[in-house]
Structures are given as C-alpha cells and as structure tokens.
Amino acid sequence: MDVILFLIFATIAVVAAVNVVVQSHPISSAISLIGVMGSLAVLYLLLGAEFIAAAQVIVYAGAVMVLFLFVIMLLNAGTETRQSKSETAHLLGVPALLVFALLLAYFIRSQPDSGVHFGGFTGGSAQAVGRALFTTYLLPFEVTSVLILIAIVGAIVLARKEI
Amino acid sequence: MSQVPLSWFLVLSALLFALGVAGFLFRRNIITVFMSIELMLNAVNLSFIAFAYQHKDVSGHLFVFFVMVVAAAEAAVGLAIILTVFKNRATLNIDDISSMKD
Chain E
58 MDVILFLIFA
68 TIAVVAAVNV
78 VVQSHPISSA
88 ISLIGVMGSL
98 AVLYLLLGAE
108 FIAAAQVIVY
118 AGAVMVLFLF
128 VIMLLNAGTE
138 TRQSKSETAH
148 LLGVPALLVF
158 ALLLAYFIRS
168 QPDSGVHFGG
178 FTGGSAQAVG
188 RALFTTYLLP
198 FEVTSVLILI
208 AIVGAIVLAR
218 KEI
Chain L
6 MSQVPLSWFL
16 VLSALLFALG
26 VAGFLFRRNI
36 ITVFMSIELM
46 LNAVNLSFIA
56 FAYQHKDVSG
66 HLFVFFVMVV
76 AAAEAAVGLA
86 IILTVFKNRA
96 TLNIDDISSM
106 KD
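Those protein sequence lines, which keep their order, are chains E and L.
For the first sequence, this note's numbering assigns the number 58 to the initial residue and increments by one for each residue that follows.
For the second sequence, this note's numbering assigns the number 6 to the initial residue and increments by one for each residue that follows.
Calculated from the structure, these hints are not laboratory results.
Only a predicted model underlies this, so the values are computations on that prediction, with no experimental measurement involved.
Note that CB positions come from ideal geometry on N, CA and C, so glycine has one too.
Be a bit skeptical, because a hint or two may be false.
What the hints assert, rightly or not - With a straight-line Cα cutoff of 25 Å, these simulated DMTMM-like cross-link-like pairs (lysine to aspartate or glutamate) come out:
| # | chain 1 | residue 1 | chain 2 | residue 2 |
| --- | --- | --- | --- | --- |
| 1 | L | Lys-106 | E | Glu-199 |
| 2 | L | Lys-61 | E | Asp-59 |
| 3 | L | Lys-92 | E | Glu-137 |
| 4 | E | Lys-218 | L | Glu-79 |
| 5 | L | Lys-106 | E | Glu-144 |
| 6 | L | Lys-61 | E | Glu-144 |
| 7 | E | Lys-218 | L | Asp-101 |
| 8 | L | Lys-106 | L | Asp-62 |
| 9 | L | Lys-92 | L | Glu-79 |
As the list claims (entries may be wrong) - Chain E is nowhere near these chain L residues, computed Cβ spacing over 12 Å in every case:
| # | residue |
| --- | --- |
| 10 | Gln-8 |
| 11 | Met-105 |
| 12 | Lys-106 |
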C-alpha cells in the first residue's frame with residue numbers, strides 16, 4: 058500500500074516537474090508547480106510529517122503560488138519565445154545526464170536501506186514541532202520574524218509607484 | 006514488500022532538484038526561472054523530511070519550516086523586484102536584462 062501510494066505521487070511529482078520546465082507559458086508552469094507541491098505534501102504525510110504537510114499546502118501551494126499567479130497575470134506575461142540554442146548546452150548536456158544517472162545508480166545500490174512505512178515516525182505532529190520550535194530553536198524563530206518584517210518592508214518599498 | 010526504501014525518496018528529491026536546475030538554466034522567462042528555484046527548494050525539503058524519518062528526529066522538520074519561511078520572504082521580495090524591472094524595461098526576458106554584465 059505504501060509503495061503504491063509512493064509510486065503514484067512520485068510519478069505525479071516528476072511529471073508535473075517536467076511540465077514546469079517544458080511548458081512555454083508561465084501560467085501552465087505555475088499550475089504544474091502547484092501539482093508538484095501537492096504531491097510532495099502527500100509524501101510528507103507518508104514520512105510522518107503532519108505539520109509540515111499542512112504547512113506545505115497552506116504556505117507553498119496556497120500563499121506563495123497565489124503570489125506567483127497574481128504577478129504573472131499583473132504583468133500579462135505571454136508565451137516565451139524560443140531563442141537560438143547554445144553550443145555549450147549541446148556539448149555538455151549528454152555527458153552531464155550520464156554522470157547524473159551514474160551517480161543516482163551508485164546511490165541506489167550503495168545505501169543500506171531502511172524501509173519507510175506509514176506510522177513509522179510519529180514525532181512530526183504540530184505539538185512536537187511546536188515544542189522544538191519554542192525551546193531548541195527559539196532564537197532562529199525570533200530572527201525569522203525580523204527577516205519577514207524586512208521582507209515585507211522591502212517588497213512594499215520596491216513595488217511603490219515612484220521607483 | 007510493503008515498505009518503501011528510503012533511497013527512493015532521495016532519488017525523487019535528486020530528480021526534482023535536477024529538473025529545477027534544468028529549468029533555471031534553460032528558461033528565458035524570469036518568472037519561470039524563479040519558479041525553478043522554488044522547485045529546487047522543495048526537492049531539498051523532501052530530503053530533509055526523509056532524513057528526519059530515518060533518524061527519528063524532529064529537527065529536520067524545523068529546517069523545512071525555516072526553508073519555507075525564507076522561501077516565502079524570497080518570493081515576496083523577488084516578485085517585487087520583477088515588478089520593478091518590468092516597469093522600467095517592459096520585458097521579462099532575462100537575456101534583455103543584462104546591463105550589469107556589459
């Protein structure tokens with residue numbers, strides 16, 4: 058059951074990710090990226106990360122991608138025009154792909170695998186994450202809030218009319 | 006076999022990261038390049054969660070949480086920069102926005 062679920066959602070994620078790269082219209086890419094993020098949220102659930110799965114759907118698939126879609130529509134971004142292909146990409150593409158495939162094969166074969174099954178790790182609940190967040194990682198959490206504040210101010214200053 | 010090998014998650018993560026790198030290098034629309042960066046961040050998040058499962062440690066989840074926060078901030082500022090660039094240049098093609106290069 059876990060294997061079937063993993064295969065289904067891994068396939069969706071890879072196909073959608075290929076679609077992000079291949080589609081020539083930004084709107085299609087953005088919708089495909091939402092598909093990647095949704096299927097990754099299911100895989101997070103399989104790995105016992107309940108809180109992160111919920112945050113993935115709310116923050117990434119919800120807020121960030123809506124921001125992307127909003128900007129694409131605001132700028133009225135059209136279809137990308139194909140440029141002349143670069144020579145370096147032609148020469149390096151196939152060797153780079155081979156090296157990547159070899160590395161992947163080596164990685165799969167060399168790892169002593171421990172299996173993942175649903176319910177094998179239950180420490181990813183909102184309670185556990187919150188406890189770690191407000192004890193061990195309290196200082197990074199507070200610094201993050203300053204970062205968010207800076208980002209808000211920066212975005213407003215950049216998007217003003219006068220610049 | 007009812008258990009998924011952990012390496013499958015890592016291979017999926019590597020595949021998604023490679024696709025993100027490909028999109029980052031080959032696409033010419035600045036918004037799509039930005040989305041490729043988000044794809045790479047998501048791939049790394051999957052690795053973090055997989056390792057958190059293997060070590061039975063919640064710290065990996067915290068890293069993913071911080072990556073999400075930074076990605077949200079980055080998206081807000083980056084899209085504001087894209088808006089400003091579009092206002093000044095009226096183009097989204099990264100080949101036309103190269104005045105820092107020459």
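Is the Cα-Cα distance between L:Lys-106 and E:Glu-144 25 Å or less?
holds, 20 Å
Just double-check L:Gln-8 for me: nearest Cβ-Cβ distance to chain E has to come out over 12 Å.
violated, 3 Å
Hinted pair E:Lys-218 and L:Asp-101, Cα distance within 25 Å
Cα-Cα ~23 Å, so holds.
For the pair supplied as a hint, L:Lys-92 and L:Glu-79, is the alpha-carbon distance within the 25 Å limit?
Status holds; Cα separation ~20 Å.
Holds or violated: are the alpha carbons of L:Lys-106 and L:Asp-62 at most 25 Å from each other?
violated, 45 Å
Can we confirm that no CB of chain E comes within 12 Å of the CB of L:Met-105?
holds, 17 Å
Do the alpha carbons of E:Lys-218 and L:Glu-79 lie within 25 Å of each other, as the hint requires?
Measuring from Cα to Cα gives roughly 21 Å; hence the hint holds.
Straight-line Cα separation of L:Lys-61 and E:Asp-59 no greater than 25 Å?
Given that 25 Å is the threshold and the Cα spacing comes to 19 Å, the pair holds.
Non-interface claim for L:Lys-106 versus chain E (Cβ beyond 12 Å):
The assertion about L:Lys-106 holds, with a minimum of 15 Å to chain E.
If you draw a straight line from the CA of L:Lys-61 to the CA of E:Glu-144, is it 25 Å or shorter?
Between L:Lys-61 and E:Glu-144 the Cα gap is close to 47 Å, so the pair fails against 25 Å, i.e. violated.
Between L:Lys-106 and E:Glu-199, is the straight-line Cα distance small enough, at 25 Å or below?
Status violated; Cα separation ~38 Å.
L:Lys-92 and E:Glu-137: Cα distance at most 25 Å?
holds, 19 Å
Of the numbered hints stated above, those contradicted by the structure are hints 1, 6, 8, 10, listed in ascending order.
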